[in-house]
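Heads up: the protein sequence lines correspond to chains A and B, in order.
To convert a position in the first sequence, counted from 1, into my numbering, add 41.
To convert a position in the second sequence, counted from 1, into my numbering, add 41.
What the hints contain is simulated information worked out from the structure, not anything from laboratory work.
Wrong hints could be hidden among the right ones.
Any copy will do: because identical chains look the same in the list, a pair fits if it lies in one copy or spans two.
To be verified - Here are the simulated DSS-like pairs of lysine-lysine, each with C-alpha atoms no more than 27 Å apart in a straight line:
1) K445 / K237
2) K237 / K122
3) K445 / K133
4) K380 / K321
5) K46 / K122
6) K122 / K400
7) K237 / K164
8) K380 / K164
9) K46 / K448
10) K133 / K448
11) K263 / K46
12) K164 / K133
13) K448 / K122
14) K445 / K46
15) K321 / K122
As the structure is a computational prediction, the values presented were derived from the model and not from experiment.
2 protein chains.
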Amino acid sequence: MASGKILVAQGGGPTAVINQSLVGVVLEARRHRDVRLVYGARHGVRGIVDEDFVDLTRETSHNLEHVAGTPSSALGSTRDKPDLAYCQDIFKVLQAHEIEHFFYIGGNDSADTVRIVSQEAHKAGYPLRCIHIPKTIDNDLVGNDHTPGFPSAARFVAQAFAGANLDNAALPGVYVGVVMGRHAGFLTAASALGKKFPDDGPHLIYLPERVFEIDRFLADVKAAYERHGRCVIAVSEGIHDASGAPVAAQLMKDLERDAHGNVQLSGTGALADLLCEEIKAKLKIKRVRGDTFGYLQRSFIGCVSDVDQREAREVGEKAVQFAMWGQNGQARDGSVAIKRTGFYSVDYELQPLDAVAAKTRTMEDAFIAPSGTDVTDAFRLYLRPLLGSGMPDAFRLRPNPVPKVLKR
Amino acid sequence: MASGKILVAQGGGPTAVINQSLVGVVLEARRHRDVRLVYGARHGVRGIVDEDFVDLTRETSHNLEHVAGTPSSALGSTRDKPDLAYCQDIFKVLQAHEIEHFFYIGGNDSADTVRIVSQEAHKAGYPLRCIHIPKTIDNDLVGNDHTPGFPSAARFVAQAFAGANLDNAALPGVYVGVVMGRHAGFLTAASALGKKFPDDGPHLIYLPERVFEIDRFLADVKAAYERHGRCVIAVSEGIHDASGAPVAAQLMKDLERDAHGNVQLSGTGALADLLCEEIKAKLKIKRVRGDTFGYLQRSFIGCVSDVDQREAREVGEKAVQFAMWGQNGQARDGSVAIKRTGFYSVDYELQPLDAVAAKTRTMEDAFIAPSGTDVTDAFRLYLRPLLGSGMPDAFRLRPNPVPKVLKR
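Bound-form chain A, shown alone (with noise of 0.2 Å):
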């Protein structure tokens, strides 16, 4: 082959660290000598039917580090989800343009894109390498031992909560905090990750991985009320009834639906009024408040494992390798997928693309406490080392109570 030429995109929910993917991408792809052109896609597969490129072989290096440091997709991203023509437009522009390979870095629906776009080059007959590239703050891609963004989007909800809790320890009453995440429980069960001492909060942990019963739930705050004092409650946006009805969208005026058929959970704080309103009509609990994390969780500045940082610009990378040199010497299209191979390390490997591409990993069972809303110490273990270096740590007053004069 002779043009020498890769395509980047971004697709989905941006994350605090998809940009260190890219960089890595576009910096191991520059040091190919049979690379010539690195191009990325604005607004991911969008971009790419529009034909809406930019040069990044262009960019100084110097500048796609400070970028690779900074969270959301500096491509900008897109909520298509394609169909099989919208895919062969994709391959269309790919072939017009001469893309040899193709990086996407996204979720389970970016890798079900990447999964079709291969099939059409296939049948083509046109020599492309596709390879996706895991990115979700949800962790919900099945093959990896945990997704890029997703240790950063643990680590703001573990400090949320581990505030929220102070909080509430100094003004007692009943906090709820609604996290992201339709499906999988992972990011809501990260609160716990802000607990430290035996009576912190989040004292509640609501999980999509169960059930949801609203008066199971009223008989559990209010134990956990009597019990401290106060309660505070991790829930997820996912949460839904025996029948599968999302408790939030029973709430919605408008059922807005995005182009994956997905009601929109994020971006309104119904679910936390929702829950609050019921809080203090059944419990008489008159301090309630509720919080919902909405896009602060996914976006905001200043708050990134340094261990997801590091293992995103990998994943990056290790793309380039395998789309270049194969894996074990076999030269294959796939999802490149984090393995852990230690406390803690990890390596990278290459998946078959249909091992992963619209399939969903939820929280395994020995993650969530019998209860039902508290996770297993098998699960701090797994997250812990995610949160990266330099966690914040809480301290209180040790009791030393002065005895009383006035005794009124």
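Could you slot chain B onto chain A? The hints should help.
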């Protein structure tokens, strides 16, 4: 006097650095030979009337330093707003325990409590020295350049909007972020410090210092959206119409007229949700997302200004020095105030209690742009040094467009 006892307490909403002030009082007091015992009241004035004291003399300096670095009120706080009878009860307890110095860390309501207790002591001829130590994320204390707690909350808001802007640039649409501050817009205005490039958001900022008109708001959003293809908006929770009525209540009436569902939106997420609904309905923009920063902006652990930490510590230390030695040789009760002396340096003064008590500072006109939806350079110059060192910076790829081939 021979008791050598001092009492310190924390009131109102917690901040990221209120424990610096507490520890400043304790450590400074412990080095005075006239001080024998340092008591802390649990949960502010509530703990005083309940005689719920801890002996801080028994705390290790080491643990105190760690507590100083922990956000929220380590002694606990209260929302009680004492009237005269309540303040008389406070005084009786202070008298019974032979307290000689009373330090209360809080906002303008707490300053008013200190003022009344000081009067009661004076009337009774009891030699009690009463000092108010400033604290509030709202920055609404008069006579202060700024208040401890505000810089760290402002840093959170600036970082949050810097990230939200990047997220919004990647997936264009309208983003509404609702920020705390019922009467003063300082914290909402801090969102402007998240801007770097000229087209960065927030593109519009709505403050309680200006009347909010929904039609004007929609016209502003429309214009910004047409100009940038997206729009990031910072809104104070305290925005109100010309009659002073909160906007949330006004919009809720409109929604009831639409007669949807039976769920009453009346929680922390309501204002953001209602503004998003208006934008969707009236401007026909599809992707509209709202976040309410809620308790995260005052409790998030790990986002703190080092300038704020330092000053919060010093107001605590200075409070003890003013109590022991007076100001300019003149010992009296008062409120510690931060005065700016250079760019950037500060010093501390003791103000009369009635100069601060129950008064509210709002944003000066010189800080608000004539449009009413932006801040001035004077505000940027005012706020920037307070945010402290190590503010995260955002970088972007430069435009290097690639010629189209298919040109469809």
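Taking the hints in turn, this is what the structure says about them:
1. K445 / K237: Classified as neither: same-chain Cα gap 31 Å, cross-chain 56 Å, threshold 27 Å.
2. K237 / K122: Neither, since 41 Å and 32 Å both go past 27 Å.
3. K445 / K133: Cα proximity of K445 and K133: across copies only (13 Å, versus 82 Å in one copy).
4. K380 / K321: Classified as neither: same-chain Cα gap 45 Å, cross-chain 43 Å, threshold 27 Å.
5. K46 / K122: within (25 Å within a copy, 69 Å between copies)
6. K122 / K400: within (14 Å within a copy, 55 Å between copies)
7. K237 / K164: neither (56 Å within a copy, 47 Å between copies)
8. K380 / K164: neither (32 Å within a copy, 73 Å between copies)
9. K46 / K448: between (82 Å within a copy, 19 Å between copies)
10. K133 / K448: Only across copies: K133 and K448 sit 12 Å apart there, 84 Å inside one copy, limit 27 Å.
11. K263 / K46: neither (62 Å within a copy, 40 Å between copies)
12. K164 / K133: within (13 Å within a copy, 89 Å between copies)
13. K448 / K122: between (68 Å within a copy, 22 Å between copies)
14. K445 / K46: Intra 79 Å, inter 14 Å, cutoff 27 Å: inter-copy only.
15. K321 / K122: between (41 Å within a copy, 23 Å between copies)
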